[in-house]
Amino acid sequence: MSGMFATFRNAFKIPELRSKLIFTLIVVILYRLGTAIPVPFIDPVAMSTLFSEAGDTIFGYLNILSGNAFSQATLFALGIGPYITSSIVMQLLTIAIPALEKLQKSGEDGRKKITQITRYLTVVLGVITGYGYYVTLANGGVLTNRHWFAGIVIVTCYSAGTSLIMWLGEKINESGIGNGISIILFANIVSRLPSGVFGQISNIIYPITSGNVTGNVAGAVAFEILTGLVILSVALVIVAFVVFMSNAERRLSVQYSKRVVGRKMYGGQSTYLPMKVNMSGVMPIIFASSMVSIPITVISFTSGGQSPTGGFTRVLWNLFSTTSPLYIVLTFAFIIAFSYFYIAISFNPLEVSNNLMKNGGFIPGIRPGKPTTAYITKILNKIVLIGGLFLGAVAVFPLIVNAVSSAFNLGTFGAIAFGGSSLLIVVGVALETTREIEAQMTMRHYKGFLE
Numbered sequence: 001m002s003g004m005f006a007t008f009r010n011a012f013k014i015p016e017l018r019s020k021l022i023f024t025l026i027v028v029i030l031y032r033l034g035t036a037i038p039v040p041f042i043d044p045v046a047m048s049t050l051f052s053e054a055g056d057t058i059f060g061y062l063n064i065l066s067g068n069a070f071s072q073a074t075l076f077a078l079g080i081g082p083y084i085t086s087s088i089v090m091q092l093l094t095i096a097i098p099a100l101e102k103l104q105k106s107g108e109d110g111r112k113k114i115t116q117i118t119r120y121l122t123v124v125l126g127v128i129t130g131y132g133y134y135v136t137l138a139n140g141g142v143l144t145n146r147h148w149f150a151g152i153v154i155v156t157c158y159s160a161g162t163s164l165i166m167w168l169g170e171k172i173n174e175s176g177i178g179n180g181i182s183i184i185l186f187a188n189i190v191s192r193l194p195s196g197v198f199g200q201i202s203n204i205i206y207p208i209t210s211g212n213v214t215g216n217v218a219g220a221v222a223f224e225i226l227t228g229l230v231i232l233s234v235a236l237v238i239v240a241f242v243v244f245m246s247n248a249e250r251r252l253s254v255q256y257s258k259r260v261v262g263r264k265m266y267g268g269q270s271t272y273l274p275m276k277v278n279m280s281g282v283m284p285i286i287f288a289s290s291m292v293s294i295p296i297t298v299i300s301f302t303s304g305g306q307s308p309t310g311g312f313t314r315v316l317w318n319l320f321s322t323t324s325p326l327y328i329v330l331t332f333a334f335i336i337a338f339s340y341f342y343i344a345i346s347f348n349p350l351e352v353s354n355n356l357m358k359n360g361g362f363i364p365g366i367r368p369g370k371p372t373t374a375y376i377t378k379i380l381n382k383i384v385l386i387g388g389l390f391l392g393a394v395a396v397f398p399l400i401v402n403a404v405s406s407a408f409n410l411g412t413f414g415a416i417a418f419g420g421s422s423l424l425i426v427v428g429v430a431l432e433t434t435r436e437i438e439a440q441m442t443m444r445h446y447k448g449f450l451e
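In terms of the numbering used here, the sequence shown opens at residue 1 and continues consecutively.
If you are wondering where the hints come from, they were derived from the structure by calculation, not from laboratory data.
Heads up, the beta-carbon is just placed ideally off N, CA and C, and yes, glycines get one too.
Hints may be right or wrong, so weigh each one.
Stated by the list, open to error - Derived lysine-lysine pairs resembling DSSO-like cross-links, with alpha carbons at most 30 angstroms apart:
| id | residue 1 | residue 2 |
| --- | --- | --- |
| 1 | K382 | K113 |
| 2 | K382 | K358 |
| 3 | K105 | K382 |
What the hints assert, rightly or not - Label pairs and their in silico Cβ distance ranges:
| id | residue 1 | residue 2 | range |
| --- | --- | --- | --- |
| 4 | K276 | T442 | 48 to 56 angstroms |
| 5 | Y340 | P98 | 18 to 26 angstroms |
| 6 | E101 | S48 | 29 to 37 angstroms |
| 7 | S48 | K276 | 17 to 25 angstroms |
| 8 | S48 | I294 | 37 to 45 angstroms |
| 9 | K370 | F341 | 36 to 44 angstroms |
| 10 | M357 | R192 | 48 to 56 angstroms |
| 11 | P364 | Y131 | 54 to 62 angstroms |
| 12 | A407 | R18 | 24 to 32 angstroms |
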């Protein structure tokens, strides 16, 4: 952690990197201002009531990713969801459609065209998602005007907000530090921390300052302090574990054959092929959380955002709530399944084997060609299993704590549902941004040496 702060401190001493960091900070501030801009024809009081029980649904998850903008129906309520979805869809289509796969492998121009298609798809998804959000608001009774013109204004605002978020993310990619969308996602999650910390502190300070400290109140204050210390300690341990696993990798030894080109000899050196344990990042958790939350989300659409009071829908609501054992088990299973699925579409052992063979490389003790492909696939399956178990453990642990706190009425712990994915995103983005800053600092030192 100290090394990370030292990296940022050293980066501020370099004018070029300092300007990039300041530019990134300005864009994040502008984005956070956008999350507070209200959209017309929406009643904020009714909006608060509508999303008071959204924690068990995908709405609660989207609210975390949007930095509370979703529950407030502000300009950036849809967050970066449409852009992430369009990027995933395009990634899948490049595998399924040969023309797109060829376009992706055709160099910089091909990648620019795919990026442009992704932008158009983001706008389309923004309009569709904006309309679905408008229908949810209309069914929930939070609109002050249900005229068709009001609907057009609301949907247009949300789709425009999605496009603006995409543009801000690309500006960070061009002139800032780190991946723009990841930085925005990081800012959304971190923005929720102050309210949680101040809420915990207020639970401790208010009974004391009110002068009403009875025996029961003193016990409650002591419990809040103990709870805060336990949460802080567990969070630090989990962060250390996430950092360790995020940096963990399996290195496959690679030997390159010697070859003579003209009067020079190339190859002959030994290197390694790094395979990260957590190759799929946080995507399996996002997929799994979305899939498991579908039943309650559908019920929320049909019931105007409120939990049902009885009948079969109430049974389903209880089965798929975040405190349900079924929800926890399904989430863990889906995370492992989606880990294998995501790696299957993003990592091709055959392509890696062919590239090694073309460059005269081979894994010691393994013949080139199919044996190398089979060996890489075998190692990859083991790594993906370990990575999936790691993601599942980090994602499910807060859910288990949440379920236990709900069963024993320990309300303070209930706020950490979905905390695993948020923690992975925050730590992952922080590590990646630090690596990029270090890489740019190293490149600058080399450039200065050569000049």
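Q: Mind listing which of the numbered hints don't hold for this structure, in increasing order?
A: Structure breaks hints 1, 4, 6, 7, 8, 9, 12.
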